[in-house]
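Numbering (our numbering), first residue to last: 59 to 160.
In case anyone wonders, no lab produced these hints; they're calculated from the structure.
Possibly wrong hints are sitting among the right ones.
[What the hints assert, rightly or not] If you anchor each label on the Cβ, the simulated ranges turn out as follows: (1) L148 / P73: 40 to 50 Å; (2) A144 / P76: 16 to 26 Å; (3) G146 / R101: 37 to 47 Å; (4) A139 / R83: 21 to 31 Å; (5) A145 / E91: 22 to 32 Å; (6) S131 / R94: 51 to 61 Å; (7) L61 / R140: 56 to 66 Å; (8) V103 / G146: 37 to 47 Å; (9) P73 / S106: 23 to 33 Å; (10) R140 / L77: 50 to 60 Å; (11) G95 / L61: 32 to 42 Å; (12) V103 / A145: 43 to 53 Å.
Even for Gly, the Cβ is constructed at its ideal location relative to N, Cα and C.
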Amino acid sequence: ARLLPAGSCARCGQPSAPLACGGCRAIRYCSGEHARGHWPLHRCVCRSRRHSPVVWTSPCDVTIASDLLQAASSGSAALVARRPVAAGELLFEELPVSWQAA
């Protein structure tokens, strides 16, 4: 491993590399080819791929969908609200789930 001057291409060391990692913007590259070639090494440490763990301070912070919605009695695939819902009200949020092969 070698230490490169700031702004140098992470693949070849060329100074004043014009391109940056699209995720973290911290790593520089002189060409798209060098960015793609360096990605297998950089992806393990790229800040854009790090996800903060979800921390709930209490169980009350979590809204369970079944508390808000129930199956329609008509037997259709619809869901109906268990309580009055205002237009634009956020009922619940889910964190995105993604998977990418290493």
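Each hint tested on the structure:
Distance hint check: the CB atoms of L148 and P73 are about 48 Å apart, consistent with the given range 40 to 50 Å. At roughly 49 Å, the beta-carbon separation of A144 and P76 lies outside the given 16 to 26 Å, and the hint is violated. Restraint check, G146 to R101: a C-beta distance of roughly 38 Å satisfies the suggested window 37 to 47 Å. Between A139 and R83 the CB atoms are about 42 Å apart, so this pair departs from the stated range of 21 to 31 Å.
With their beta carbons about 50 Å apart, A145 and E91 fall outside the hinted range of 22 to 32 Å. For S131 and R94, the Cβ-Cβ distance of about 54 Å falls inside the hinted range of 51 to 61 Å, so the restraint holds. Between L61 and R140 the beta carbon distance is about 60 Å. The supplied range of 56 to 66 Å therefore holds. In this structure the hint that V103 and G146 lie 37 to 47 Å apart at CB holds, the actual value being about 40 Å.
In this structure the supplied range 23 to 33 Å holds for P73 paired with S106, their Cβ-Cβ distance being about 24 Å. Checked against the given bound of 50 to 60 Å, the beta carbons of R140 and L77, roughly 52 Å apart, stay inside it. In this structure the hint that G95 and L61 lie 32 to 42 Å apart at CB is violated, the actual value being about 20 Å. Take V103 and A145: their Cβ atoms lie about 44 Å apart, and the range 43 to 53 Å holds.
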